[in-house]
Structure formats: structure tokens, C-alpha cells
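Asker: Each chain is listed here by its residues.
Number of protein chains: 2
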Amino acid sequence: MRAQRVQAPTPAAARQAHCRPRPARARAQQVAGQGKVYIDPVEKEAAAFAPATVANLGPGFDWMGCAVEGDGDIVTARVLPDRPGEVVIEGIEGDGGRLSLEAPKNCVGIAAIETLKLLGAAPSCGVGLRLHKGLPLGSGMGSSAASAAAAAWAVNSLFGCPVGKDRLIYAGLASEAAVSGYHADNIAPALMGGFILIRSCDPLDLQRLPFAGDLWFVLVNPRFEAPTAEMRAVLPKEIPMKQVINNCAMGGSLVAGILTGDAALIGKSLDSDAIVEPVRGPLIPGFAAVKEAAHAAGAFGCTISGAGPTAVAIVSDPEVGERVKQAMVAAFRTAGQLEVNSAKVVRLDNEGAKRV
Amino acid sequence: MRAQRVQAPTPAAARQAHCRPRPARARAQQVAGQGKVYIDPVEKEAAAFAPATVANLGPGFDWMGCAVEGDGDIVTARVLPDRPGEVVIEGIEGDGGRLSLEAPKNCVGIAAIETLKLLGAAPSCGVGLRLHKGLPLGSGMGSSAASAAAAAWAVNSLFGCPVGKDRLIYAGLASEAAVSGYHADNIAPALMGGFILIRSCDPLDLQRLPFAGDLWFVLVNPRFEAPTAEMRAVLPKEIPMKQVINNCAMGGSLVAGILTGDAALIGKSLDSDAIVEPVRGPLIPGFAAVKEAAHAAGAFGCTISGAGPTAVAIVSDPEVGERVKQAMVAAFRTAGQLEVNSAKVVRLDNEGAKRV
Numbered sequence: 001m002r003a004q005r006v007q008a009p010t011p012a013a014a015r016q017a018h019c020r021p022r023p024a025r026a027r028a029q030q031v032a033g034q035g036k037v038y039i040d041p042v043e044k045e046a047a048a049f050a051p052a053t054v055a056n057l058g059p060g061f062d063w064m065g066c067a068v069e070g071d072g073d074i075v076t077a078r079v080l081p082d083r084p085g086e087v088v089i090e091g092i093e094g095d096g097g098r099l100s101l102e103a104p105k106n107c108v109g110i111a112a113i114e115t116l117k118l119l120g121a122a123p124s125c126g127v128g129l130r131l132h133k134g135l136p137l138g139s140g141m142g143s144s145a146a147s148a149a150a151a152a153w154a155v156n157s158l159f160g161c162p163v164g165k166d167r168l169i170y171a172g173l174a175s176e177a178a179v180s181g182y183h184a185d186n187i188a189p190a191l192m193g194g195f196i197l198i199r200s201c202d203p204l205d206l207q208r209l210p211f212a213g214d215l216w217f218v219l220v221n222p223r224f225e226a227p228t229a230e231m232r233a234v235l236p237k238e239i240p241m242k243q244v245i246n247n248c249a250m251g252g253s254l255v256a257g258i259l260t261g262d263a264a265l266i267g268k269s270l271d272s273d274a275i276v277e278p279v280r281g282p283l284i285p286g287f288a289a290v291k292e293a294a295h296a297a298g299a300f301g302c303t304i305s306g307a308g309p310t311a312v313a314i315v316s317d318p319e320v321g322e323r324v325k326q327a328m329v330a331a332f333r334t335a336g337q338l339e340v341n342s343a344k345v346v347r348l349d350n351e352g353a354k355r356v
Numbered sequence: 001m002r003a004q005r006v007q008a009p010t011p012a013a014a015r016q017a018h019c020r021p022r023p024a025r026a027r028a029q030q031v032a033g034q035g036k037v038y039i040d041p042v043e044k045e046a047a048a049f050a051p052a053t054v055a056n057l058g059p060g061f062d063w064m065g066c067a068v069e070g071d072g073d074i075v076t077a078r079v080l081p082d083r084p085g086e087v088v089i090e091g092i093e094g095d096g097g098r099l100s101l102e103a104p105k106n107c108v109g110i111a112a113i114e115t116l117k118l119l120g121a122a123p124s125c126g127v128g129l130r131l132h133k134g135l136p137l138g139s140g141m142g143s144s145a146a147s148a149a150a151a152a153w154a155v156n157s158l159f160g161c162p163v164g165k166d167r168l169i170y171a172g173l174a175s176e177a178a179v180s181g182y183h184a185d186n187i188a189p190a191l192m193g194g195f196i197l198i199r200s201c202d203p204l205d206l207q208r209l210p211f212a213g214d215l216w217f218v219l220v221n222p223r224f225e226a227p228t229a230e231m232r233a234v235l236p237k238e239i240p241m242k243q244v245i246n247n248c249a250m251g252g253s254l255v256a257g258i259l260t261g262d263a264a265l266i267g268k269s270l271d272s273d274a275i276v277e278p279v280r281g282p283l284i285p286g287f288a289a290v291k292e293a294a295h296a297a298g299a300f301g302c303t304i305s306g307a308g309p310t311a312v313a314i315v316s317d318p319e320v321g322e323r324v325k326q327a328m329v330a331a332f333r334t335a336g337q338l339e340v341n342s343a344k345v346v347r348l349d350n351e352g353a354k355r356v
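Those sequence lines, one after another, are chains X and L.
Every letter in the first sequence is one number past the one before it in our numbering, and letter 275, counting from 1, is 275.
Every letter in the second sequence is one number past the one before it in our numbering, and letter 295, counting from 1, is 295.
The set of hints was computed from the structure by calculation and includes no laboratory data.
Some hints here could point you the wrong way.
Said to hold, decoys possible - Computed from the model, here is a short list of chain L residues facing chain X with C-beta under 7 Å:
| no. | residue |
| --- | --- |
| 1 | Val244 |
| 2 | Ala249 |
| 3 | Asp317 |
The beta carbon of each residue, even a glycine, is placed where N, CA and C say it ideally should be.
Build the full structure now, drawing on both the sequences and the hints.
Answerer: What follows is the structure, given as C-alpha cells:
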């Protein structure tokens with residue numbers, strides 16, 4: 001086996017990778033006679049936060065997602081010196097005891113295992129993980145992606161961030177594939193922030209769409225377990241050409257709204273999905289009334305976040321956002337007979353996963 | 001009937017409407033006792049040119065088109081003082097005698113009739129039209145739209161351009177509906193220039209997408225009558241979800257390419273249509289080889305222009321364009337056994353219909 005050399009990233013490269021620069025102490029270490037190359041950690045512990053994400057953005061079903069400020073998940077990774085290559089979940093809080101502590105069956109565990117594979121050399125230590133869930137499970141706000149992104153960034157940080165965010169997405173994708181399907185529209189913005197257009201998932205081909213200025217979202221999460229299987233089952237297998245043309249045009253318009261910084265156009269585009277919302281909306285009690293209430297209160301547009309049940313509206317500013325939020329909450333209560341877990345007015349998050 | 005007043009456009013308004021400013025002499029004239037309002041012409045004769053257009057741009061099927069410099073159609077409109085409201089086609093050249101001289105059966109006639117309806121008052125004169133066809137019929141380069149756009153702009157100009165280009169599209173749409181279907185993806189760019197995203201045709205909702213910089217196209221028109229009925233018949237009625245997601249994402253990417261001035265991304269997006277090109281391409285002899293040849297010679301992407309048979313490629317500059325052109329022509333000859341009517345390297349046209 002040929003000897004390999006693994007270099008710790010320079011502080012400049014680390015900055016470029018959105019990683020807080022640290023003394024670059026990671027080094028390759030060749031075990032005599034074996035040719036195997038190891039990479040050492042540069043820190044004993046690293047904590048990372050990843051934000052909520054809104055995917056399936058109206059006509060952007062399965063190809064467009066964005067990150068939003070506010071709540072998110074935090075993962076703390078620590079070095080386990082004597083257990084090279086191992087990933088151990090040491091604790092989870094905020095999940096109501098619903099998540100598995102077995103690494104290969106948990107988003108953070110899978111993302112950590114895959115991140116270790118991406119380091120460029122075998123890790124000379126193991127990793128212990130603690131997850132603090134800030135996002136509700138199954139809400140349509142990218143909870144699993146936030147966990148995976150935070151885990152990947154925390155583990156990567158332990159080793160001085162040798163893996164760029166664009167490649168780290170593969171670790172998150174492996175996790176998403178295990179829990180919700182091989183889709184990048186949550187994990188890509190959870191890691192990278194902003195709006196991400198998924199040109200293709202296989203091979204992975206992403207495009208960041210910068211939004212100039214402030215963009216405000218209202219996210220209202222009702223107390224309702226969206227019937228996941230049914231949410232998938234109602235999706236049509238084949239779609240009439242007229243609706244396809246509509247969604248392609250409106251998807252194009254959504255991209256135009258983002259790139260020209262036109263929040264009203266983004267809202268209008270979100271409203272115009274003729275394929276997914278018409279079949280999924282009716283499965284969320286009161287959704288039609290919530291959408292109507294959001295508009296009446298001044299929202300530019302309103303649709304389902306992810307696979308629901310969270311409803312998302314686009315607004316011009318936080319003041320309008322407050323009014324829209326109240327109207328949406330009231331509509332969920334009266335028309336949908338649903339209590340509300342959380343209702344927030346939040347900004348676009350342009351950073352994604354970050355050290356905390 | 002209430003008296004109405006029709007104002008001639010101010011020179012500023014005329015400039016805004018991309019109309020060469022003229023002495024504003026158009027005036028409303030109320031016929032005593034009838035209440036009917038007339039509008040007078042401000043010129044005796046006006047000629048307008050409208051460019052070729054490329055519609056069905058890859059994943060932009062039926063919702064995206066653009067105008068290209070170079071060839072186009074010219075319509076000269078002249079006042080017929082004693083025949084108010086009448087439209088007469090006085091001559092057509094360059095069509096090989098294929099087009100009707102009856103106004104209601106001809107693009108220029110229909111567009112002229114509809115333009116007169118849009119003036120805001122009854123015309124006090126009739127209009128005689130002469131059409132010079134610079135574009136080949138049935139080539140996929142928006143020949144009928146160019147005729148209609150030139151006619152609408154020439155007639156509008158006779159009256160001092162009281163109708164803005166955005167409204168004049170209705171005149172062109174009426175013409176397109178009669179000859180090729182109610183689609184705006186040729187007529188909108190033929191009139192307005194640049195890239196136009198058709199959000200909806202009914203109601204009409206257009207979005208101009210500015211492209212910063214130079215964009216070059218190679219257009220190769222083979223001597224082949226595309227089987228129109230078959231070209232329509234092969235379009236699938238229903239499309240599998242996977243292809244829908246692909247085309248929506250690639251359509252979004254096409255918009256991103258345009259708005260960020262990224263010719264390579266535009267080309268890449270044009271190549272990625274999974275719905276229309278795969279079924280229409282095989283109906284054009286040699287098309288697959290033409291596409292391959294375009295790529296091999298350095299094109300960013302290549303697809304069918306309109307409903308074909310013209311093939312369109314995106315290139316970085318005119319030099320590469322010349323090489324790509326030669327390669328495409330050769331491929332049509334060898335693989336498709338087709339001679340070539342015309343092969344040109346042209347720029348994006350940002351102006352659309354204009355006075356000549």
C-alpha cells in the first residue's frame with residue numbers, strides 16, 4: 001500500500017469552508033509497516049448548530065429548499081481517544097425519548113459515521129455525540145436534516161474542517177436516505193444556508209441562489225401528526241402536461257423571485273403549485289383556511305412546509321408577519337380544530353450549520 | 001353613449017413603449033350626435049421589423065422564449081383614408097406564395113385587426129399591409145409570431161403607439177391562436193425582445209428576464225418539413241413525477257442561468273429536458289448527431305428550436321459559434337441526409353419589434 005499524506009486545512013482554507021479557524025493541528029500519521037494513514041483530531045470537543053429548513057417550496061417540490069433562522073438542533077461531538085473510528089450517541093434531549101441511541105439507526109449517528117469516512121484518512125479516535133433537539137419531529141421543518149447537518153459539522157470541526165460543506169452533504173444525504181428518502185432539499189440548505197436549487201441528486205448537483213436583502217417567513221406548526229405514508233401515497237405518479245407546464249413556469253418564477261430579491265414574487269410562486277399542494281393540503285385539517293387567512297392578513301403567499309403539517313407564509317416584514325401569524329394560528333384552531341405547537345416569524349438563514 | 005376622450009401618447013410615453021417618438025398628432029374625434037370616438041393616424045406609413053424567436057427552450061417548453069438578432073419579418077402599414085377600420089393585405093413577398101392574402105386568415109391581418117381594437121377608439125382610417133418574410137415558414141424560429149409582431153407594431157406606430165408592448169401581445173396572441181395555438185412564448189419575445197418567462201397565458205402573466213452581457217446562439221435550419229401533427233402527437237399527455245421534478249429543477253436552473261448571465265448554465269439547462277426533446281428529437285433526421293457534434297465543437301448546450309426542425313446551440317462567442325455551426329451543418333448532412341437552408345451565429349435580441 002502506498003503511503004498517503006493528509007494535510008490539516010490551513011486557517012484560510014478553514015475560513016473558506018465556513019469553519020471557525022483553529023490552530024491547525026490535525027496531522028497524518030503513518031503506522032509503520034502497514035501503510036495505513038490516520039488523521040488526528042484538533043479539538044477535544046466541538047458543538048454545532050443547524051437551522052430549520054423549508055423544502056418542497058410550492059412548485060419547488062423535491063428540488064428547492066431554504067434555511068430559516070430561529071430554532072434548530074445542536075450536536076456536541078467529543079473525542080473518544082481509545083475507540084478509533086467508533087461513533088457513540090451519548091445522549092439525546094428534546095425528542096421525548098423517541099429517537100434511537102444506536103448510531104447506525106439515528107440521523108446524527110449516520111451523519112457522523114459518514115463524515116468520518118469523508119475525512120480523507122482513518123480517524124485516530126472515536127466520537128461521542130450529544131444531541132439537543134430544538135426542532136419538533138415530523139413537523140415538515142427539516143428536523144432530521146438539522147440533526148444530521150449539526151452532527152456532520154460538529155464531527156468535521158473536531159478534525160479542523162478538512163471536508164467542505166459541499167462534500168459534507170453526502171454525509172447528510174446518507175442520513176436522510178435512511179430516515180426520509182434520498183433528497184437533498186433539506187440537508188443542503190441545513191448545511192449551507194440560503195436557498196439551494198437541487199439540479200440533481202444523483203449525481204449531486206447543487207446551485208446556491210443568493211437572495212439579496214431580508215426575507216421573512218411565518219412558520220406555524222399545528223399539533224397534528226401528518227400521516228407520512230398517506231402524504232406520500234397521494235402524490236400523483238403521472239401528471240398531466242398542463243400542470244407540468246404550470247409548475248415548471250412557476251418554479252422558474254420562484255427562482256426569478258429569489259435572484260431578483262422579490263419577496264412578493266416568491267410568495268406568488270409558492271401559491272401556484274398545481275401538483276403537490278392540491279393533494280396534500282386537504283390532508284392537513286384547516287390548511288385551506290390557514291392559507292386564506294394568511295393572504296387576508298397580508299402574506300405574499302402560503303404553502304405547506306416540507307411534507308407538512310407546518311404551514312409557511314412569506315411576508316414583507318416582521319410586523320406584517322405578526323399579524324399573519326395570529327391569523328394562521330386562529331385559522332388552525334377554528335377551521336382545523338388544532339392547537340398550535342409553535343408559531344414564529346423568522347428570517348432567511350444564509351449561513352446554515354455553524355459552530356456554537 | 002358617453003363621450004370618450006382618447007389622448008395621443010406623449011413623446012415620453014412613446015419612448016417608454018419603445019416607439020420612436022413622433023409628433024403626437026393622434027387625436028380623438030367625436031362624431032356629433034353619435035358619441036362614437038375615433039382615433040386618427042399620425043403617420044401615413046410605418047414599417048416595423050420583428051426578429052426570430054426561440055421558444056420551447058429545453059425544459060422551458062411552452063413557458064420560455066427569447067428573441068435573436070439577425071433575420072426577421074418586416075411589415076409596412078399604410079393608411080387607407082377612406083376605408084375606416086378595414087385591414088387589407090396588399091402584398092406578401094418571400095413566402096413562395098404560400099400565405100393567404102385574406103386578412104382574417106393571415107397572421108399579419110389578424111394581428112392588425114386586433115391592434116386596431118386595442119387602440120382605445122375606432123380608427124378613422126383603414127390599414128393596408130405589405131409583408132416581407134425574412135424567416136422561413138414552419139422552421140421553429142417563430143415565423144408566424146414575427147409576422148404578427150411586426151404587423152402589430154407597424155399598425156400601432158401609424159397611430160403614435162398608443163398601445164404598450166405588454167398589451168399589444170394580445171393582438172399577437174390572437175394571431176398565434178389562429179395559426180399555431182394560444183401560446184405566448186414566441187409572440188412575447190418577438191415583440192418585447194430578450195428572454196420572456198410566460199407565467200400564465202390565461203390570464204396573461206409575463207416576466208421579462210434580463211440577461212446581462214452578450215449571449216450567442218447557433219441556429220441551423222435543415223431542409224426538412226417537420227411533421228407538425230406528429231410533433232404534437234408525440235408529446236406525452238401525462239408525465240412521470242421523476243421527469244416532472246427534473247424539468248422543474250432544470251427550468252429553475254435555466255432561469256438562474258439567464259439572471260446570473262451564465263451562458264454555460266443556460267446551455268447545460270437546455271440539454272436537460274427529459275420530457276419534450278426525447279420524443280421530438282428522433283423525428284428530426286440526424287438531430288442526435290447534430291447535438292453531439294455541437295457539443296464536440298464546444299457548444300454549452302443544444303436543443304430543438306420551437307417545434308423544430310431548427311436546432312439551436314448556445315456558445316460562448318462568435319468564434320466558437322462558427323466552429324459549432326460547421327459541425328452542426330455537417331452532422332445534418334451526413335447523419336440526417338439533409339441539406340441546410342440556413343445556418344447562423346446570432347446574438348440575443350433585447351429589443352424585439354422595432355421601427356425600420
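Asker: All hints are to be evaluated individually against the structure, with a verdict given for each.
Answerer: To see whether the hints hold, each was checked on the structure:
no.	hint	in the structure
1	Val244	holds, 5 Å
2	Ala249	holds, 4 Å
3	Asp317	violated, 24 Å
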